[in-house]
Amino acid sequence: MIAANLLKVALKAMNNNKMRCFLTMLGVIIGVGAVIAMLAIGQGSKNSIKAQISEMGSNMIMIFPGSENRGGVRQSASDMQTLKPADYEALSREAQGILYMTPTVNGSGQWIYGNNNYPSQAQGVNTQYLDIRQRTVSEGEMFTEEDVRNAAKVCVLGKTLVENLFPDGTDPIGKVVRFGKIPMTVIGVLDEKGYNTMGQDQDDLALVPYTTVMKRVLASDYLQGIQASAVDENRTQETISEITDILRDQHRLREDQDSDFTIRSMQELAEMISSTSSMMTVLLAAVAGISLLVGGIGIMNIMIVSVTERTREIGLRMSIGATGRDIMMQFLIEAVILSVTGGILGILIGALATWMISIFANWPVAISTTSVVLSFAVCTIIGIVFGFYPAAKASRLDPIEAIRYE
Amino acid sequence: MKEIIKIVDLKRYFKVGEETVKALRGVSFTIHEGEFVTIMGTSGSGKSTLLNTLGCLDTPTSGEYLLDGISVQKMGKNERAKIRNRKIGFIFQNYNLLPKTTAMENVELPLIYNPTVSAKERAERAERCLRDVGLGERLYHKSNQMSGGQQQRVAIARALVNNPVIILADEATGNLDTRTSFSILTLFQRLHREGKTIIFVTHNPDLALYSSRNIMLRDGRITSDEYNHNIQSAEEALRALPKDMDE
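Protein chains in written order, with my numbering: chain A, 182 to 587; chain B, 2 to 248.
Hints are computed from structural coordinates only; laboratory data are not their basis.
Quick caveat, the model's predicted, so the values are computed rather than measured.
Where is the CB? At the ideal position from N, CA and C, for every residue including glycine.
Some hints could be false.
Subject to a maximum C-alpha distance of 16 Å in a straight line, what follows is the list of computed EDC-like cross-link-like pairs (lysine to aspartate or glutamate) [said to hold, decoys possible]:
(1) A/LYS334 x A/GLU322
(2) B/LYS101 x A/GLU490
(3) B/LYS78 x A/ASP579
(4) A/LYS340 x A/ASP352
(5) B/LYS7 x B/ASP226
(6) A/LYS574 x A/GLU490
One-sided and incomplete, this derived list gives chain B residues near chain A with beta-carbon spacing under 7 Å [claimed, not checked]:
(7) ASN53
(8) ALA82
(9) ASN97
(10) PRO111
(11) ILE113
All chains should be built: construct the whole structure from the sequences, respecting the hints.
Shown next, in the form of structure tokens:
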């Protein structure tokens, strides 16, 4: 009952000072708006990075030959000869946590068709590569297990290669191209994927059975790596230790010996990238939060002025029966209304700004419910905290002196 | 008659630095229901302190104060606020209306702090009191759109709205011209006739002619306490004034 009356009193007082109230709120409006917009930008970029990573396969695990912590001169991974097809076979026999797996052996060289040539990779993989990288063959078809067994001279080209080797738009399927001196029949074309986050052209490659690359291109008995995807992306770490155990066993390494291979997961990369973007978000939000704090101080400032200005009124209210608590509530309610109204307007303006950023700057944005709820809560708290001092000051006035205040 | 106010040997000392200022040095009197008492004294006589004490804004250093049979001097701040809200009507020299606020809202003010009065009852009572003081036509005029006399009438309505046992007026005519003073005084006399108990603090000795009892204060002591058996009519005095001093 009294609370409802006090609310009316507070609203009335604010109504008498509309312009001042609005200017006071402006601090909070800008603060909250900035927080909302900054968090939306941060969240948006995080989401888009996440999406790109999961496009690359967030459950991907990569095994490279060679230790990461061996002293002395270190060779490049492709030159190290510690991963063998036998390791791949052992893993496919024993590792439970692996869903798909492919050995990789890359040969680089010139792809040639007729008068056109283009330097690119011949990625030696098996049929599961498509599942690991989440890619599809858009025209023709992928080579088969049998092609792999037979080291068949077939290839699946990426779009960039197709464009460079067949600039006149000829259908590449069934044509025979050459990789260096080795003729290969084009049996499929990969779907177009564009550039990835790191700026690599994901279409600049050709898939060839890994046996073909090993036997016919490189004449090598070793693998340059193994790519696998974990059954469950949240259990990547367990799968990594499983692989480590199997490979160490396979290589007959003693307890005290370092592993002669290195395992990396896409998740590590994802975490690294998203932690950078989280840090950016925190930084942006902190800057915006400071402006919110300044807004709060603005409220306190104006409330102190208001209390001084209305000393007579406070004295009168007290002499006709308002308790100190009533007076305190009146001013506290006023401060909270200021900050909460400012907060709501700020959320709207922040949302509007976010929308404009996404329209005009074309940035990825995402307003999270958390940021809205959080700024709303922060506003209420700011109102209470910064309204408390002026309100307490008002409630402690002596009615005898206050009513004669000039 | 019922005793509305009873004070016994009331003392109020203030400590100012090293010195003790003795504002009230032992004041005793009893005011019964239906009395119109003027309390007079020059500045420094202790009348403001006495008014603050009677109004439960201040507590005495020693002595006893019974308001409507309730002992006040031991009460805490919040209890005194409640007593002021339910039993006392204040009228001030400078009206003390809320700015930019209608007459109705000003009069409703004391009832806002009384949770037992509903919003509907509050509005009804405020309207009745405003009509009672002759402002039935100006219920929704804002305080800054009214003359001094009208503002003081709003203040009187505000003092009446909570049905107080005592009305405390502090120089209620001090800011008004002669003619308006008499019209306000006429209103006080009417309230008195209707049975209200009024204490009117002033330094203007002429006002003693219009009250039923006059208490003189000097240096914190009562110097005289006399009943007036020949109350002058403020209404007649108002009629006797020259016509050109219009309100």
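Hint by hint, here is what the structure shows:
A threshold of 16 Å between alpha carbons decides the hint, and for A/LYS334 with A/GLU322 the separation of about 14 Å falls inside it, so the pair holds. Distance check on the hinted pair: B/LYS101 and A/GLU490 sit about 14 Å apart at the alpha-carbon level, within 16 Å; holds. Distance check on the hinted pair: B/LYS78 and A/ASP579 sit about 10 Å apart at the alpha-carbon level, within 16 Å; holds. This hinted pair checks out: A/LYS340 and A/ASP352 have alpha carbons roughly 12 Å apart, not beyond 16 Å.
Between B/LYS7 and B/ASP226 the alpha-carbon distance is near 14 Å, which keeps this suggested pair within the 16 Å criterion. Taking the CA atoms of A/LYS574 and A/GLU490, the gap is near 13 Å; set against the 16 Å cutoff, the hint holds. Taken as an interface hint, B/ASN53 checks out: its beta carbon lies about 5 Å from the nearest beta carbon of chain A, inside 7 Å. Given the 7 Å rule on beta carbons, the hint for B/ALA82 holds: about 4 Å separates it from the nearest Cβ of chain A.
Checking B/ASN97 against chain A by beta carbon gives a least distance of about 5 Å; that is within 7 Å, so the hint holds. Checking B/PRO111 against chain A: minimum C-beta separation of about 4 Å stays under 7 Å; hint holds. The interface hint given for B/ILE113 holds, since its Cβ lies 4 Å from the closest Cβ of chain A, which is under the 7 Å cut-off.
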